[in-house]
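So the sequences go chain by chain: S and R. For the first sequence, the working numbering gives the first residue as 1, with consecutive numbering after it. For the second sequence, the working numbering gives the first residue as 191, with consecutive numbering after it.
Think of the hints as simulated: they come from the structure by calculation, not from any bench. There could be a bad hint or two in this list.
[What the hints assert, rightly or not] With a straight-line cut-off of 30 Å between C-alpha atoms, the simulated DSSO-like cross-links for lysine-lysine are:
| hint | chain 1 | residue 1 | chain 2 | residue 2 |
| --- | --- | --- | --- | --- |
| 1 | R | K254 | S | K59 |
| 2 | R | K257 | R | K220 |
| 3 | S | K43 | R | K254 |
| 4 | R | K243 | S | K59 |
| 5 | R | K257 | S | K96 |
| 6 | R | K254 | S | K96 |
| 7 | R | K243 | R | K257 |
Remember, predicted model here, so these are calculated numbers, not experimental data.
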Amino acid sequence: MVWGSDGDQAPLIQQTQPWDAALAWDPWPYRATEGDANWPTLKMEGNPVFKWASYTMAKTAAEALDAAGVRAEDLDVFAPHQANMRITDAMFRALKLPSRVVVARDIARQGNTSAASIPLAIEALLESGEAHQRPDLSDHRLRRRTGLRRSGDHPALKSGSKRIHPNHHQRSTVHAHHRGSPRRSCRDRQ
Amino acid sequence: MPTTEEVRADLAEIVNEVAGVPVNDVQLDKSFTDDLDVDSLSMVEIIYAAEEKFGVSIPDEEAKNLKTVGDAVAYIERAAA
Numbered sequence: 001m002v003w004g005s006d007g008d009q010a011p012l013i014q015q016t017q018p019w020d021a022a023l024a025w026d027p028w029p030y031r032a033t034e035g036d037a038n039w040p041t042l043k044m045e046g047n048p049v050f051k052w053a054s055y056t057m058a059k060t061a062a063e064a065l066d067a068a069g070v071r072a073e074d075l076d077v078f079a080p081h082q083a084n085m086r087i088t089d090a091m092f093r094a095l096k097l098p099s100r101v102v103v104a105r106d107i108a109r110q111g112n113t114s115a116a117s118i119p120l121a122i123e124a125l126l127e128s129g130e131a132h133q134r135p136d137l138s139d140h141r142l143r144r145r146t147g148l149r150r151s152g153d154h155p156a157l158k159s160g161s162k163r164i165h166p167n168h169h170q171r172s173t174v175h176a177h178h179r180g181s182p183r184r185s186c187r188d189r190q
Numbered sequence: 191m192p193t194t195e196e197v198r199a200d201l202a203e204i205v206n207e208v209a210g211v212p213v214n215d216v217q218l219d220k221s222f223t224d225d226l227d228v229d230s231l232s233m234v235e236i237i238y239a240a241e242e243k244f245g246v247s248i249p250d251e252e253a254k255n256l257k258t259v260g261d262a263v264a265y266i267e268r269a270a271a
């Protein structure tokens, strides 16, 4: 597993209005001409967030593969955080994954379910049998051998990637990088 | 040092892979958005892939000025020189 956060990118997604005015607003008696609260909203710089999400996540995914001693071409299934289909496509290209790799595209069915998106996407792949359609692997062998990859980001632009080896306890190296602290690594049981 | 045509051809391959535009349509006088129908997210991908392919840096503030294929090719040639 490889994870981290990028505080330098804080301005890319931010709340532009404080809650004060909305909380102080008394809606009763309602007068349409005055007093409507200036509701806080979230503002996002779309293209920079797309760039960060696509390529920072691809980078952490590549680092996770390195840490696990696995090459991109060895993967069978790729299950990124389901934020945006375009980000999934960009990550797929950036990682240079082979076209045979099964890609989780659960966002088309579930939408962005935030932190739940990766387990839901993995479950959908297994439930649908989509990950079982490779002609050279039986179900049992797939479950034993498949290297599932999952990769997630977060509205606060934290990122993490982990290689999953179903039904297989395997030790791998975790690299954690936090702003303001030196890069460190530790061992983690997957 | 690659020729202008070689840079254009390599860039055309990238545009084709990212946005599905036929490589022969990616000519120097074509606008990415108006002629090739490349949207802003695809442009982000194209710029990133071009940086990787040509070993150059294209900052966001410069990328915004690359309106045509010729603009991009000229920038890459200058940056790689």
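Structure-based check of each hint:
no.: 1; hint: R:K254 / S:K59; in the structure: 24 Å, holds
no.: 2; hint: R:K257 / R:K220; in the structure: 9 Å, holds
no.: 3; hint: S:K43 / R:K254; in the structure: 20 Å, holds
no.: 4; hint: R:K243 / S:K59; in the structure: 17 Å, holds
no.: 5; hint: R:K257 / S:K96; in the structure: 27 Å, holds
no.: 6; hint: R:K254 / S:K96; in the structure: 26 Å, holds
no.: 7; hint: R:K243 / R:K257; in the structure: 19 Å, holds
The structure meets every hint from the earlier list without exception.
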